[in-house]
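*Asks:* Fit chains B, C and D with the ligands to the known structure of chain A by using the hints.
From first to last, the protein sequence lines are chains A, B, C and D. The numbers in the working numbering rise by one with no breaks, and the one at position 116 of the first sequence is 179. The numbers in the working numbering rise by one with no breaks, and the one at position 227 of the second sequence is 290. The numbers in the working numbering rise by one with no breaks, and the one at position 230 of the third sequence is 216. The numbers in the working numbering rise by one with no breaks, and the one at position 235 of the fourth sequence is 221.
Calculated directly from the structure, the hints in this document are not laboratory data. Given the structure is predicted, the values throughout are model-derived calculations rather than measurements. Keep in mind that the hints are not guaranteed to be accurate.
Stated by the list, open to error - Chain C is faced by these chain A residues, among others (derived, beta-carbon under 7 angstroms):
(1) T170
(2) G174
(3) H178
(4) T203
(5) R393
Said to hold, decoys possible - With a straight-line cut-off of 25 angstroms between C-alpha atoms, the simulated DMTMM-like cross-links for lysine to aspartate or glutamate are:
(6) K110(A) x E371(A)
(7) K157(D) x D268(D)
(8) K241(A) x D266(B)
(9) K157(D) x D324(A)
(10) K241(A) x D265(C)
(11) K157(C) x D185(C)
(12) K235(D) x E201(D)
(13) K235(D) x D209(D)
(14) K235(D) x E261(C)
(15) K235(C) x D268(D)
(16) K157(D) x E201(D)
(17) K110(A) x D375(A)
(18) K241(B) x D37(D)
(19) K235(D) x D265(C)
(20) K241(B) x D185(D)
(21) K235(D) x D185(D)
(22) K235(C) x E261(D)
(23) K241(A) x E32(C)
(24) K241(B) x D375(A)
The beta carbon of each residue, even a glycine, is placed where N, CA and C say it ideally should be.
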Amino acid sequence: MTEQRTEAEDATAVAPADAGTLREWLGQMLIIRRFESESVRLSYANKIPGGIHSSEGQEAVAVGSIRALGAADVVAGTHRSHHHALAKGMPPRTVMAELYGKATGCTGGRGGSMHLVDLSRNFLGSNGIVGAGLGVAMGTALAMKLQQRPAVAVGYVGDGGANTGRTWEFINLAALWKLPFIAICENNLYAVETHISRSLAGDSIAGRAAGFGLPAVAVDGQDIVAVHAAASAARDRALNGEGPTFIEARTYRYEGHNVGDVQNYRDASEVASWRQTHDPIQALRQRLAERGDLDEAGYAALRQQADETVADAIDFAERSPWPDTGTVQRAWPAAEPAGASR
Amino acid sequence: MTEQRTEAEDATAVAPADAGTLREWLGQMLIIRRFESESVRLSYANKIPGGIHSSEGQEAVAVGSIRALGAADVVAGTHRSHHHALAKGMPPRTVMAELYGKATGCTGGRGGSMHLVDLSRNFLGSNGIVGAGLGVAMGTALAMKLQQRPAVAVGYVGDGGANTGRTWEFINLAALWKLPFIAICENNLYAVETHISRSLAGDSIAGRAAGFGLPAVAVDGQDIVAVHAAASAARDRALNGEGPTFIEARTYRYEGHNVGDVQNYRDASEVASWRQTHDPIQALRQRLAERGDLDEAGYAALRQQADETVADAIDFAERSPWPDTGTVQRAWPAAEPAGASR
Amino acid sequence: MSPLSYSQAYRAGLAEEMEANPGIFVMGTDIFLRGGHFAQLLGLGERFGADRIRDVPISEAAMVAAGVGAAIQGMRPVVDLNFQEFAYGAMDELCNQAAKIHYMFDIPVPLVIRATNGIAYGGAQHNTAMESWFAEMPGLYVAVPATPADAKGLIKTALHLDDPVLFLMHKALTGARGETGGPDVRVPFGRASVVRPGDQVTLIGYGVTVRTCTEAAGQLAGDGISAEVIDLRTLYPLDVETVTDSLRKTGRAVMVDESAGYGGVSAEIAAALQEAAFDYLDAPILRVHAPHSPVPQSPPLLQAYLPDHGAVEQAVRTQLARP
Amino acid sequence: MSPLSYSQAYRAGLAEEMEANPGIFVMGTDIFLRGGHFAQLLGLGERFGADRIRDVPISEAAMVAAGVGAAIQGMRPVVDLNFQEFAYGAMDELCNQAAKIHYMFDIPVPLVIRATNGIAYGGAQHNTAMESWFAEMPGLYVAVPATPADAKGLIKTALHLDDPVLFLMHKALTGARGETGGPDVRVPFGRASVVRPGDQVTLIGYGVTVRTCTEAAGQLAGDGISAEVIDLRTLYPLDVETVTDSLRKTGRAVMVDESAGYGGVSAEIAAALQEAAFDYLDAPILRVHAPHSPVPQSPPLLQAYLPDHGAVEQAVRTQLARP
Ligand SMILES: Cc1ncc(C[n+]2csc(CCOP(=O)(O)OP(=O)(O)O)c2C)c(N)n1
Ligand SMILES: Cc1ncc(C[n+]2csc(CCOP(=O)(O)OP(=O)(O)O)c2C)c(N)n1
Ligand SMILES: [Mg+2]
Ligand SMILES: [Mg+2]
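Chain A with its partners taken away, still in its complex shape (with noise of 0.2 angstroms):
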């Protein structure tokens, strides 16, 4: 998993200086983990209907990408996007209470799993339809544009993501008009059941996005520094109005596409592979080992904290009230005079 620069990036990987920060960063790998491995245990319990899809593996992606981001930067995200979610603030308790449907979660039950949103933390929602999450954060950068806000909105998309043909669509209109956007792809190598050698036709989807006229980078999406670094960079050109970035984040996803995944698609062996030597937390705490900036004792406080942080979201969530039955319906009230029907 080398890294590939379609076009010439000068963004370099060097990590920051500041302990502090990676330290961080690590700390919300962490939580995104435990986040992740008990969300599945729950949707295995049936205290999450419907399932979900964890992003375990990959989290170095959301985390390296957002916290190259300002606050003011909005991000949409994929079916996948507990990660990206958490990544951009929403706390874990809003989320959690989300996957189990209470009136507590982020949309008051009503989105679910696929469907979280955070306004405030210009969180734009995670999204059920693949490729749709770009086209969201693409309008949000033409807003952004003819606004003439200072900030970027970044979209995610999977490799299975890069056939569809609205993506191209959305990429070709923000590389035409130049907008804030940055595009990352979460190549998993994975679609459901399929491998990109099985979907993809051409030699990788950085060099497809390349042919859209906007710079397209492929990174070690493992290697949460080179994300971030990538991530910095687009979002450097953006601000200074030159356009928007494809990133190709190159990652792995541990569980199976959904909860209850037979995964017959891959061995056992591969995934163990990825998880011993490729995972973004160990890469992230050897890093800080090796600078003598993270002992045992520190990574066990991170993920002490990491585990409280997730048991207080279930429990919070446990304790939650279920929504008001009367809440099924929106009132759409703009237009509708008395004597309109339904």
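*Replies:* Below, chains B, C and D with the ligands alone, put in the same frame as chain A:
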């Protein structure tokens, strides 16, 4: 308009030795040109309801590519497809009658200008929807592959169609499955009023296509010999099981987008310059003349024959009866028992 | 004011709102110079500039997605699809994104999608009565003006709503002329208008079939039959009350549209009316529509395809012939 | 035969036809190993190979276009969209190509589009009652099996038709078990089935709401009210005759579906029945459906959203309470 090859093709644009072949091409281009100028005239005269999209200027793309095909090869067109239909051997009579909406038209008046078809000649229909014909052709290529038929399917698309997502879904599938498919993009620089520079991010359509893992070449679409060579090479590849090819044919439309187009998006001088210096008919005529294979009288005879053929088609259309209004609705027999509604 | 065409009236309403609200901008193919395929925006490119009358490559999903994202961010985009059928390429963006975001996320999506609908020349692929699809989809509003005044007044209202509006203008009305309201006149959604009063039968239409109904009413009047004509004006919300009130008076209703006659708005009207005014019905509610078939191009076929006032009169006579 | 699940029955019918006709092949995402997102094709990958159980990248327009092209060329493709909503990405291919080619070009398009429909967990974007859209579209057939026997018998029929069929299987029925017919049993399109006889009211459903109607009929029977239950089985063609015959006997009808209650199949049934059997109606035809809203995910909200047998009973009592 230099010939650009995104990926090396060994096709060399050497004209066939056989002067008769080249004269036939020239005659076919002359028929198309006359057909189109008459169609425009008849549209203004309210003989052709709903108007047409003239292919004048683009004759060499259709004739050059379709003359590289066999009778069993299938062609699907666009909204601008009179030239494809005529080049594939459809009688000008049934095409003109269809434009009129007469019973003798190729669909008995159901379709009209954008919905020409002739199954017996493997012209699988023109299409009112940008990009859609490419998909029909791609599916045809899939059937050919599954049925192991020694044939190829050709789909046309415009430069504007290079921005619609479906185009790239189709190309991806064709490349992935190595289908016997040729995509020919008639880049005539405009989609209605929109110049390609205002619609296409990136360097070129062929360059964009190359990112989808298939050979993509750009040819001078006004040079019928070059078009023919590129299409022949693509057909050979396809028949050899090597998969699809993307051909960007750079061309120009002389008329407005449709009948009534004010054309305030380009200078009359631009059109005049293409007509004078890049005309595909004059280019082939000159080539033949230089080789001593066509004198003035020979050319005049070809023109006269074209004019007569089109006059006959118009006469046929004029004299043909209107369709019986009982044919408005198709019977949908198979599943519908007595008593089923509608 | 001097009378404007339907197309000009739309443009006038849009331009007034654009002057008042800098957040409004238009996206579509071929709108900057050509003013769209029905000249609906002619001259606005020059007036408002290329940022606000924004040509987009042929990528319907992208233009609607751009509209959804921009709308969420506080802009008021109008996406002009030219032909209603081009919405097929943006159906997820329209129905799974635009229509659902306000519900799921509690974020307003003030997006207008303008398109031309109705049956005319151009062949089957450019002519489909699919406006009922949008009316059926929770989260979308659907406006179908039949007059210049409503084209102007309804677009002005649409540009003040918090939810996506499909604004569908009938091809055959493009050049129709009429008086229009001033800058402050907004026509509310969900209020049908009684176009012609009558008391023996209620004729209901929208878009061009309001004209069909009015023609039929004129003919019937010649035979001493008094028909009330109602223009629905918006398909969602649907003003069942006004239609029911009329039916209570007349006892008979005929719904006229260009649909293929299955489900959709005309079925909704019939279903809702027989429920709301069962005891007032003197005859079954009848529907006059096109055959269940794609649309042909040839003039005589197209003429045979389209419902005309004769068919409406026939339906009324059938109702009146009941014992 | 031993009882099969709904999903297995579909698979059995498809496999029998695939054995008989080498032109049949299936395209979709995640079908070769996983057997689709509802295990509807489980094991067929191994049995028929990757050419005939063909995994496709996530590109719905491409898979339907591939199906259209292949169908025109004499193959019999089945495109499996897994979820009905993914059809949004292929709407032009479905409605402007597949549905219209037979009419325009006189070329058969023997294409089956299988998808799972109905309302269940998964959130608003994966749950939309849009089957009426397809029923409204001239050129498309729509089958909505409610039992294993019909899942098998209807897919076998679909694979012998010359026009595109939307084959929509309800999520909530995936595991429902029942007897199925043998290899020669094809269930015809356009014939509703009378699931339970009765003579005071006609309850009409399709897919999962047949169950809702049957539950309601059982409850009503306890109160001495005799309800006839009809399963439409196909939405196009729609068997109005069978329903009308029932209504002539009962004088009352309630239509139950999971739609958002505007237009669509339930409105068509109401509109068609009041026309066909006006003089037999003792009460207005009532519709029981979901609210006009996107679909929520939370269990109590979803439960409140879905129409249940109690609502059906309530509607019947309202009808019977009429003087
Ligand atoms: C348009 C559309 N088609 C199909 C699906 C079903 N589906 C959900 S996730 C998924 C796989 C996505 O793969 P990828 O883009 O690689 O993302 P990943 O799951 O690996 O994160 C599929 C096929 C969908 N949600 N939307
Ligand atoms: C999906 C879709 N969007 C828009 C249109 C309207 N339209 C018809 S032709 C055309 C321009 C096509 O341009 P191009 O692909 O370059 O082909 P050309 O007209 O130059 O032959 C447009 C926008 C359409 N028919 N289909
Ligand atoms: Mg993936
Ligand atoms: Mg062009």
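*Asks:* Does the structure break any of the earlier hints, and which numbers would those be?
*Replies:* When the structure is compared with the hints, numbers 7, 10, 11, 20, 24 turn out to be violated.
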